[in-house]
Amino acid sequence: AQKVTQAQTEISVVEKEDVTLDCVYETRDTTYYLFWYKQPPSGELVFLIRRNSFDEQNEISGRYSWNFQKSTSSFNFTITASQVVDSAVYFCALISNYQLIWGAGTKLIIKP
Amino acid sequence: NAGVTQTPKFQVLKTGQSMTLQCAQDMNHEYMSWYRQDPGMGLRLIHYSVGAGITDQGEVPNGYNVSRSTTEDFPLRLLSAAPSQTSVYFCASSYSMGYGTKEGYTFGSGTRLTVV
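Top line first, the protein sequences correspond to chains A and B.
Each number in this note's numbering corresponds to the 1-based position in the first sequence with 54 added.
Each number in this note's numbering corresponds to the 1-based position in the second sequence with 27 added.
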């Protein structure tokens, strides 16, 4: 079965702290893609990153970084020096058989 | 480019009414899909289409119909609205037959539907 688990329902940190959002996935596919999306309070869905199963290199984009580990089926997302504008719900998703399978999301609250 | 345009943004329906949620994209994406988002949950796929004239069911298709007569448009029809269909609906499109591109899927801004 294909499944994405985001065990952290809500995380609250003070601005400038680092925070890691966990994502664990299950799939039988040998080729698959993983995504992270951000949903700010305004409600739109914002693409952050796509990673394919053949590329285990970690990626950094400004204050954002992603750690993909096939051995543990995890695709974790770290925000360094968090800012209030990072407050949002973050979703991890797995694509399989033409479908994006979503985790339940982690609500991230950054306090000033 | 407008991207993915969804209308309306908000809608209130009475139980038993029917309506169509509109979705249009101007990026020539062959893949389009409809999701619903309920509180505390990720998005769930309702229906998808891999090209004009081709549609298929997702995880939660009951109570919804779709058609794809053009590449640009993918309307979602609620046949007889029920309170359980109260949700936020997102339309999404992509290149590459559902496997997205490096930029991922493009989502519409959502339609908040309430059925009373």
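In case anyone wonders, no lab produced these hints; they're calculated from the structure.
Note that the coordinates shown come from a computational prediction; the quantities given were computed from them, not determined experimentally.
Check each hint, because a few of them may be wrong.
Said to hold, decoys possible - For lysine to aspartate or glutamate, the following EDC-like pairs were computed, each having C-alpha atoms within a straight-line distance of at most 20 Å:
#	chain 1	residue 1	chain 2	residue 2
1	B	Lys36	A	Glu71
2	A	Lys92	A	Asp76
3	B	Lys36	B	Asp83
4	A	Lys161	A	Asp83
5	A	Lys165	A	Glu69
6	A	Lys124	A	Glu69
7	A	Lys92	B	Asp53
8	A	Lys165	A	Glu71
9	A	Lys92	B	Asp83
10	A	Lys161	B	Asp65
11	A	Lys57	B	Glu99
12	B	Lys41	B	Asp65
13	A	Lys57	A	Glu98
14	A	Lys165	A	Asp72
15	A	Lys92	A	Glu69
16	A	Lys92	A	Asp72
17	A	Lys57	B	Asp65
18	A	Lys70	A	Glu98
To be verified - Label-pair distances were calculated between CB atoms; the ranges are:
#	chain 1	residue 1	chain 2	residue 2	range
19	B	Asn55	A	Lys161	34 to 42 Å
20	A	Val67	B	Thr97	42 to 50 Å
21	A	Ile65	B	Ser107	13 to 21 Å
22	B	Gly67	A	Tyr152	33 to 41 Å
23	A	Val138	B	Pro35	36 to 44 Å
24	B	Phe37	A	Asn112	14 to 22 Å
Ideal Cβ placement from N, Cα and C applies to all residues, glycine included.
Hint check:
no., hint, result
1, B:Lys36 x A:Glu71, "violated (36 Å)"
2, A:Lys92 x A:Asp76, "holds (14 Å)"
3, B:Lys36 x B:Asp83, "violated (25 Å)"
4, A:Lys161 x A:Asp83, "violated (29 Å)"
5, A:Lys165 x A:Glu69, "holds (6 Å)"
6, A:Lys124 x A:Glu69, "violated (31 Å)"
7, A:Lys92 x B:Asp53, "violated (23 Å)"
8, A:Lys165 x A:Glu71, "holds (10 Å)"
9, A:Lys92 x B:Asp83, "violated (27 Å)"
10, A:Lys161 x B:Asp65, "holds (14 Å)"
11, A:Lys57 x B:Glu99, "violated (31 Å)"
12, B:Lys41 x B:Asp65, "holds (19 Å)"
13, A:Lys57 x A:Glu98, "violated (23 Å)"
14, A:Lys165 x A:Asp72, "holds (12 Å)"
15, A:Lys92 x A:Glu69, "holds (18 Å)"
16, A:Lys92 x A:Asp72, "holds (17 Å)"
17, A:Lys57 x B:Asp65, "holds (18 Å)"
18, A:Lys70 x A:Glu98, "violated (25 Å)"
19, B:Asn55 x A:Lys161: 34 to 42 Å, "holds (35 Å)"
20, A:Val67 x B:Thr97: 42 to 50 Å, "holds (46 Å)"
21, A:Ile65 x B:Ser107: 13 to 21 Å, "violated (40 Å)"
22, B:Gly67 x A:Tyr152: 33 to 41 Å, "violated (25 Å)"
23, A:Val138 x B:Pro35: 36 to 44 Å, "violated (31 Å)"
24, B:Phe37 x A:Asn112: 14 to 22 Å, "violated (41 Å)"
Consistency note: the structure conflicts with the earlier hints numbered 1, 3, 4, 6, 7, 9, 11, 13, 18, 21, 22, 23, 24.
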